[in-house]
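Colleague: As a plain string of letters, each chain reads:
Number of protein chains: 2
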Amino acid sequence: MNKLIDSQLILASKSPRRKDLLKKIGLTFKVKSSKVYEDFNIKLLPADFVSHYAKMKAESVSKVNPNYYVIGADTIVVCNDKILGKPNDKNDSYRMLSSLSGQTHKVYTGVSIQHNNHKIDKTFYDVTDVSINTLTNNDICYYIDNYKLFDKAGSYGIQDFFAVHINKINGCFYNVMGLPLSSLYYHFSRIVK
Amino acid sequence: MNKLIDSQLILASKSPRRKDLLKKIGLTFKVKSSKVYEDFNIKLLPADFVSHYAKMKAESVSKVNPNYYVIGADTIVVCNDKILGKPNDKNDSYRMLSSLSGQTHKVYTGVSIQHNNHKIDKTFYDVTDVSINTLTNNDICYYIDNYKLFDKAGSYGIQDFFAVHINKINGCFYNVMGLPLSSLYYHFSRIVK
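Protein sequence lines, in the order shown, are assigned to chains A and B.
Numbering of the first sequence is given in my numbering, commencing with residue 159 and proceeding in unit increments.
Numbering of the second sequence is given in my numbering, commencing with residue 159 and proceeding in unit increments.
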């Protein structure tokens with residue numbers, strides 16, 4: 159564990175949830191977000207999509223910080239074969255939440271750990287099934303009006319009030335929040351050992 | 159939602175996690191813990207055990223606060239047909255965590271909503287499967303030495319560092335933390351509507 163704690167680490171993401179999650183497992187790190195543009199028209203399967211962008215984000219920060227471990231991540235929601243990223247506006251949120259109502263969708267998070275000088279390049283992903291109760295019009299409008307969801311894939315946060323609408327999950331909870339802690343710890347501890 | 163927020167509510171539990179979870183879903187409430195002694199030698203199935211004690215806790219506080227909604231809850235971990243409550247000491251924690259290593263166990267939380275004057279008495283439970291990675295001796299000792307686990311059934315917190323050892327869950331995440339938010343919201347909103 160000490161080698162993990164002592165590693166020179168950068169989180170290549172401005173997501174406050176990812177920051178909180180890395181802190182939760184005792185790591186110290188700097189935050190430097192990448193400027194990678196995500197093209198949702200790219201023809202990739204969900205697992206390849208999140209792996210591709212996680213790697214791009216980590217690489218872009220790793221190149222200019224070659225002596226740090228850099229963690230990049232990318233999260234998407236997939237419902238009925240459609241990829242949902244972050245909503246553009248309230249109407250977009252309404253459409254996303256309506257499509258998730260009464261359905262089980264999948265949340266994919268890709269993670270990439272890079273270290274330029276040590277030639278480390280490890281990319282993996284995790285997937286979690288999330289089952290949502292049937293949402294009424296009031297449920298959706300109350301949530302959109304009272305919670306911040308424009309920075310969240312699929313327009314919801316499993317860690318906020320929306321929890322009351324989540325019937326069950328199957329997989330890693332923290333993967334839905336944006337970082338699969340168990341698989342991240344597994345890979346990272348094998349890299350720095 | 160307003161009727162939920164405006165309800166006169168007491169949480170009959172001193173668990174800081176349960177307090178945080180009720181706050182997360184926007185409820186305001188007082189905390190009054192019950193003085194119910196749990197007998198782990200009682201011959202009840204896990205679902206009946208947590209329902210029985212959740213109800214006893216809620217009832218004991220409801221009797222002296224007859225004009226409040228009172229929520230009581232009880233959480234246990236069941237691994238290989240053995241009920242694990244809170245550990246007595248570090249040796250007990252070591253035994254519990256060793257027994258969970260590499261296994262899938264079940265977490266049961268019973269919840270009881272009581273309102274003496276309105277004759278409301280609703281008790282239910284939820285169950286979540288939790289799969290733990292194989293833990294080394296170092297993993298267990300590091301966790302016992304660095305984290306507070308004496309107030310937690312099964313000797314672990316899914317919301318703290320132990321998250322790195324949890325491979326997956328199947329069910330409600332918040333049920334493992336001590337309150338199944340989705341089923342609580344479902345039942346409570348039908349009671350106060």
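What the hints contain is simulated information worked out from the structure, not anything from laboratory work.
Keep in mind that a hint or two might mislead.
[As the list claims (entries may be wrong)] Below 25 Å or equal to it, Euclidean Cα-Cα: the simulated SDA-like pairs (lysine to any residue) are: (1) K181/A - K177/B; (2) K244/A - K161/A; (3) K244/B - N225/B; (4) K182/B - N275/A; (5) K177/B - I349/A; (6) K280/B - N325/A; (7) K181/A - I324/B; (8) K172/B - F319/A; (9) K306/A - Q317/B; (10) K177/A - Y300/B; (11) K351/A - N223/A; (12) K181/A - Y300/B; (13) K280/A - I324/B; (14) K182/B - A321/A; (15) K181/B - D178/A; (16) K351/B - A321/A; (17) K280/B - N291/A; (18) K172/A - D318/B; (19) K161/A - N296/B; (20) K351/A - N275/A; (21) K188/B - D303/B; (22) K221/A - Y195/A; (23) K221/B - N296/B; (24) K181/A - R175/B; (25) K351/A - K280/B; (26) K182/A - P174/B; (27) K181/A - I302/B; (28) K161/A - D303/B; (29) K244/A - N199/A; (30) K182/B - F198/A; (31) K306/A - D178/B; (32) K172/A - I349/A; (33) K181/A - D318/A; (34) K306/B - N275/A; (35) K264/B - N328/A; (36) K351/B - Y305/A; (37) K188/B - A321/A; (38) K181/A - Q317/B; (39) K161/A - T292/B; (40) K351/B - Y300/A.
A quick note: this is a predicted structure, and the numbers were derived from the prediction, not measured.
Colleague: Find the hints from earlier in the document that the structure breaks and name them by number, from lowest to highest.
Modeller: Hint check: 2, 3, 4, 5, 21, 23, 25, 30, 34 fail, others pass.
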